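*Asks:* Sequence:
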Amino acid sequence: MEWKRLYRYLDEDALEMVFIFDESGKITYANRTAKQLLEYGDELPGKYIYHIFHNVFAQTDQGFSTEFQIDGSVQDIMAYRKNLTCFPASAKIIKTEDSPICYLCMANDVSKQNFLEKQVNQVEHEAEDAMKVKNEFVANVTHELRTPVNGILGNTKELLEREQSEDKLKILRLIERGCRDMNSIINNILDFSKLEAGKFTLELRKFEFRTMIDYVKANHSNKITEKGLEFFVTISPEVPQFMIGDELRIVQVLNNLLSNATKFTAVGKIVLEIVKTAQVGNRAELFFLVIDTGIGIDKSQQDKLFKSFSQVDASISRKYGGTGLGLNISKQLVELMGGSITVQSELNKGTMFSFSIWLELPEDELHEQTANNDIFSVFERAKSIQNNDEGADGVHQFGSEKNIEEREKIMAKLILAVEMGNWEKAEMFMDTMKQLTEEAPREVKTATLKLRMAVQKENYDKTVAAYEALEALFHTITEGGI
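Under the working numbering, the letters of the sequence shown match residues 1 to 482, in that order.
Worth flagging that the hints you see were computed from the coordinates, not collected in a lab.
For clarity, every value in this text was computed on a predicted model and none was experimentally measured.
Where a beta carbon is used, it is the ideal one built from N, C-alpha and C, also for glycine.
Relax, there's no trap hidden among the hints.
With a cut-off of at most 25 angstroms between alpha-carbon atoms, the simulated DSS-like pairs for lysine-lysine come out as follows:
#, residue 1, residue 2
1, K92, K26
2, K425, K409
3, K457, K263
4, K425, K223
Estimated spans, in silico, between C-beta atoms of each pair:
#, residue 1, residue 2, range
5, E166, T211, 30 to 40 angstroms
6, E226, E166, 11 to 21 angstroms
7, T211, K168, 31 to 41 angstroms
8, E335, H125, 21 to 31 angstroms
Turn these sequences into a full structure, and let the hints steer you where they fit.
*Replies:* And the structure:
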């Protein structure tokens, strides 16, 4: 193909520089963009290729020599303007096979692109440096915090073993609890920092699954039953005895979900259910359900649950405490284990968290393994826990049959705790009573508040008097007096 016939295919207004040169290196055609960027104007045709690309084209007796690969591949090159200033370009050159031989060059000015890339790289480096500084700061601060907290905790434990006075023992238990809470917050901040930096790694080891669940159950049983709640744990028979995964992080997720369930449930029950839902080769998917009959979460607020440093509303943090990191960390841990986590909830009808993870199976667990794919039946059972027959639906409606039944149970446990001098447990029962009387008449709320204040002051006589007054008020309402 003659070079003149190439003209018909060239776009004078193309955004890239386009020019044709012959075997001597002489430029015979240049489009408008090339003339403008190289600042030659109409003088460009007639100049030589080694005027434009000094570094890789040189003049010879035969025409020119070059290190540039003339095979149509895109290469980086420096283009020189008329005033000998230069700019980076990305160019390719094609050689025609017909006689006379000519060369077609197409090149783009990449100076702006290079500048932007440098800016992006600089921002990335600055972000990495800032993240590094933040991580080091978090690690140093949490270490400095943990040292005195553990020191206080150790000394408090020693005093608890020696002290005989109930008043002092109560203060020491509060200090111990505060130290444990502080350690939990410190650990959450460290985990969150590592996850955000992408430096969190799972430690995969073989462990006995049911022993792990027994440990989790033991950690929460006392606190759950002390609140007067029922606690059920069910593991499907298809779940293998031994698995390979990060046992510590699975426990961390379960502890977080069960702690939340306990914190936000005053009456009813908490259920943990685990089933095996799939198996692919030596990997199995486990599905976990944590169900409670607690205060529930409004649907419009549920999207906040898994965000960092977020509570459903500010009153939650004030009333129940917490950093708002637990669920965010749980979500990231579950995703690291190849799964996902979701929530289903309704105000005053409880909450159900469900999450799945993938774990490896040891060789001795691969034989005759089946999966329970009937996950819908699991959800049906979960819903039945929260329905009118089994759940807490209606228990917060003051004067309902369930409300009266729960009030009577809590009042009986409350006075027993008072008689035994267990004021900490009595305060816990008063928290439940407060929830059971949220919709009560003003007289009941006032009487409940008086009883709660007496319990908080640990005044036995005033507590008994306030208790009897509230009982009499309940009796009057039941008989239709108010």
